[in-house]
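J.: Here are the chains, one letter per residue:
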Amino acid sequence: MVVSRGRPGGPLARLAAGAEVPVFVARGLGAGDTEARLLGTSAVRVVASPRQATVLVVAGHVPPGMAEPLARVHDQIPPPRVTVWRTGAGAGALDAIRAAWPQATVVGPGDDVAATVVHAYREVLLGRRPTEQPRLADVEPAEWRGVGPYGQGGSGMTGGVPYGRPMAGRADDLRDGLSLDVVRVRMGPFLPAFPTGLVLAVTFAGDVVHAVEVDDLLTPGDGGLGAPLPDDAADSRGDPAARPVRIDGLERARCRHHLRWLARLLRLYGLEALGRRVALMAAAPVPEDIAHLRNLHRRLERAWVLGRVTAGVGVVTGDAAAQWGGVTARAAGLAVDARSGSPAYQALGFAPVTHEAGDGRDRWRQRLAEATQALELAGRAGDATVDDDHIEPAGQPAPADLAGALGTALTGQEWGDALATVASIDPVVHPGAGADRPARAEAAA
Amino acid sequence: MTSSPLLVDIAFWFFGVMSVVTGWLVFRTDSMVRASFFLLASFLNVGVLLLLMRSEYLSLILILMMAGEMAIMAIFMLMFMMNPAGLNPMNMVHQHRAAVAGGIAAFVALAGIGLVARFPDRPARPQPVTEALGKELLGDSMLVFESAGTALLATMVAAIALASSRGRYGSAYEGSDAPPLDPDTRTADAPAEPEPDEHEGHAGMEGMAGMDHGGDGGGDGGEGMAGMDHSGMDHRGMDHGRGS
Amino acid sequence: MVALAAFGAAFTLLVATAALVLLGRWLAGPPGWAATAPERVPFAGGLPPDVHAWNRFHARYYVMALLFLTFDMEMVYMFPWAVVFRQEGAVAIGEIFVFISILALGILYAWRERSLGWS
Amino acid sequence: MSVTPAWAAVAGVAGAVGAGVYIAAVADRAVGATVAGERGRAGRALGGPFRAAALWLVQGRATTERPDARAWALAPALYLGLAAVAVSVVPLTRNVTAVDVDAGLVLFGAAQALAVIPVFPNGWSSNSMLPLIGAFRFIAEALSYEMPNLLALLSVSVPASSLALGDIVTSQHHLWNVVRIPLGLPLFLFAGAGLAFWGPVDLPDGADLGGGTQAETSGAHLLAWTTGRLAMLFAISAMGAAAFLGGWLGPVLPGAAWMIVKTVALLVVLVSSRHLVARVRPERYVVISWAVLIPLALVNVIVAAAVSL
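Protein chains in written order, with the working numbering: chain H, 1 to 445; chain P, 1001 to 1244; chain U, 2001 to 2119; chain G, 3001 to 3309.
None of these hints come from the bench; they were simulated from the model.
Every value quoted in this text rests on a predicted model; they were computed, and no experiment measured them.
Some hints here could point you the wrong way.
Stated by the list, open to error - Covered by chain H, according to a simulated footprint, are these stretches of chain P (three or more residues, beta-carbon under 8 Å):
id, segment
1, 1085–1095
2, 1160–1173
What the hints assert, rightly or not - Okay, the calculated bits of chain H under chain U, using three or more residues with CB under 8 Å as the criterion:
id, segment
3, 48–56
4, 169–175
5, 183–189
6, 369–383
7, 418–429
Using N, Cα and C, we set each Cβ at its ideal position, and we do this for glycine too.
Input sequences plus hints: build the corresponding full structure.
T.: See the structure below:
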């Protein structure tokens, strides 16, 4: 019987044990370089949906609000499935995860997460380790059976809760006045292209974003698991003992951060292999990579037509760009950069890089240019240091009104464009979605 | 090799019956997607019948075109039909009496033609049909051919003019008066709205909206869960008929 | 000459391949391992949907779809034309040029009216 | 006209499709590894497709809350079946064609047009938003590439004065169509990539939709779906080789070898596009297809007519 041969430990499964490991990465707060490490490993294939994965990799801290979504993503992985959780070493984080997710393999920041993933995958396929059981209770979303005379969910054509859910309702359209159905779907927090922890309640009118709200699942509290990984992009700010901060470390971290961002963006545009190359480069950029980055820039513009497909998407300029600040503002031509005021940076000949259009293309150009510039600065910096006030965070800070800023940027866009906009801005989301920027938000960069 | 006549006969009956069965299934399913694709299946079976009648090109071109056209029909059904996936049960048949009478009349008329008409007693002499068609198009029927092109152009322009909500001068709603809902009201008399309601701007869509409320209202008003009776179903069925 | 046997082979191929896939699917495992309700929730990043995804979907390319309907008709004429073209010579090229130009006007108009993109 | 027995046609096409899918999968891995800057992984690329297929057979098959299960199950089966039909009309040599019909070109076009139909339910049936968007995107894509595709196919029948693929290959005895009708092959390959929604035109299954129509599929379903897409790429390569690259024509080597070499070359080009070109936006794809590619395809037909006078 084929069915039994397909079970873990059978001949088919032994053959499958040598396959590239399909991994779904669930990024918690402070996921660090976990995803980039997996992207840069040829034995691993990072997939876009848990349905296609076998290994779930959880990275960093998962606050209580994200625990249930995480468990659901876990359950959506078809068996055989296995979990690897990479966490920072904070206050008993490893033990807490082992207690709450006894089936998972827990690794610390120093361990080789890719090797652990491959090992766990082989173990479960060879039958040496049981496939993980569902984590959520088997409860139907709503009672529905036998309500109507035909056994349907509800009343009339569109009423009731057939099969446990109501049907979509209508709304006037923003663009062409055809009032058809709109569907509200809460996207995230583990959608692959999304910034860490972002949950957008998107109302779809067809494939166009009709409205968007930001849901906050990040509130800290009891029941959170794991600790943020030491994030090199935020290292320099995290450690008060290391004041003032050395510029070369800071700028290398910025380069790594931007390259990891670029690797994810390339995956979003279907360029997995190129994303893998960039992820490998992001692991440890060296001064020689400056030439590679310039070369990469040229090729992305021309051969890979990334410039063409990102031009004009998600334009954020003027006041909106000023509201975002950071990389997004600089991509729109605003030379706002904390480093400008630093004598140490001025001595290195620093002038902020800017682009003009503020669209998706200029945002990746901006990040790539800043990554190149960061490497150059790091090469020149020697042991120069910079004080706290003049450190420019590598990541894109979330504006005070994240919901409003995203609403302006996304409403009326086709979903692919909307997602590309979110991914290219990639804001650092934090609890309360941006009233004030607490220090721990940077750690989640 | 000529195929065995028996096999051809068997195939003819099989695909003939299948075309009727899939045609019937169009009205037996709740899902608009299934309905569209059953209709496509019915056409495909007719296409195979054409093939069996030695009309290779017509058969293949029918299949080729129906694939695209039924895909379009599916998306329009899904756009405008309530409950497009059939999550709640519904009836695709409406106006039973008229439908039955029309069906019987059509059947009698077609069967009558079949009985009365004088058919050739053997299949047409095999000839390259595609070539014959081409010669016809380049010969006597050239005017028809070019007129068809012009007709298609007119269709394209009309389709764009009717369906597009914007043009080279911007939104079609900008500066336009909403057509009156009440037939007695003249558009010119309608109060000028600072921002014309785009939704009301579409007379066709207003019809859709009206029927939608009707459908929902029937359920929400709780007009008896027994409201899923014959008349209720019929009413919803009519909505579908108008929608298409 | 119509080779019905060849079409028979094509039809057999279609049915046999489809049957093979369905058989393989059936053999590879019981239909649907997903025993629990959470395992069956559609994926949207971890949160369950509020409503069914099946809806009156606003396909934004409906004008283009209408354009396709008319354009599709043209193919009916083009294939027979292509077959006899060389026998007929210059008349045929003149005729198809006029035909194609008329259709191209339609595309030009659609493009001018910006009707090809998303509504 | 030689008529092949049905069983021989089925077996031959199954073998060809199997080999084509395997070559496409290996090429995909090899090109990917090269672009990623990894060396010496050719050995793994050869075994990779089998191991990946084994995993999909071991893996459970996902389902959703309230899918249209039958339409969902049928989708990959029909898609693969239609890819096989498309392969079957392409002649391997002068005397070997699995399905040899007079209007072979139109049968190929019909199989391609029908292949649009299963993609839609593959996304629609799961009752999940991301695959649903993918399904509707694909209809937009299909309506856009269909015309350039058919017109590019049509252009090769003009010099041959025939819709039979044997005649079309023979008509290239002196000059291949890729030279005689230079716009035809690029248009055909672009449209073909759209049909298999591969690489830069992977609109329905893109990463921005979490895998699109594949977002809710796993296991045997995903295996069948991936196989179907690669088989469709193979069908397009084979047709491209026959219609534009002179099929079995060529010096020294036997005709079948030429046909195989040309097909594999086109297959590698098509497969590589995934690693070389970024995915385009759906709206841009539609507008460019209509405003640029269809006029180009019409010009191509007139060029084909002018050169064959």
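J.: Has the segment 1160–1173 of chain P got at least three residues whose CB is nearer than 8 Å to a CB belonging to chain H?
T.: holds (count 3)
J.: Count the residues of the segment 418–429 of chain H whose Cβ falls closer than 8 Å to any Cβ of chain U, and tell me whether that reaches three.
T.: Answer violated; 0 residues pass the 8 Å Cβ test.
J.: For the segment 1085–1095 of chain P, does the count of residues with a C-beta closer than 8 Å to a C-beta of chain H reach 3?
T.: holds (count 4)
J.: Quick check: the segment 169–175 of chain H, covered by chain U? Criterion 3+ residues, Cβ under 8 Å.
T.: n = 4 at 8 Å, threshold three: holds.
J.: Can you confirm whether chain U covers the segment 48–56 of chain H, using C-beta to C-beta distances below 8 Å and requiring at least three such residues?
T.: n = 3 at 8 Å, threshold three: holds.
J.: Mind checking, does the segment 369–383 of chain H have 3 or more residues with a CB under 8 Å from chain U?
T.: violated (count 0)
J.: According to a criterion of three or more residues whose C-beta lies within less than 8 Å of a C-beta of chain U, is the segment 183–189 of chain H covered?
T.: Result for this restraint: holds, n = 7.
Checked against the numbered hints listed earlier, the structure breaks hints 6, 7; every other hint is satisfied.
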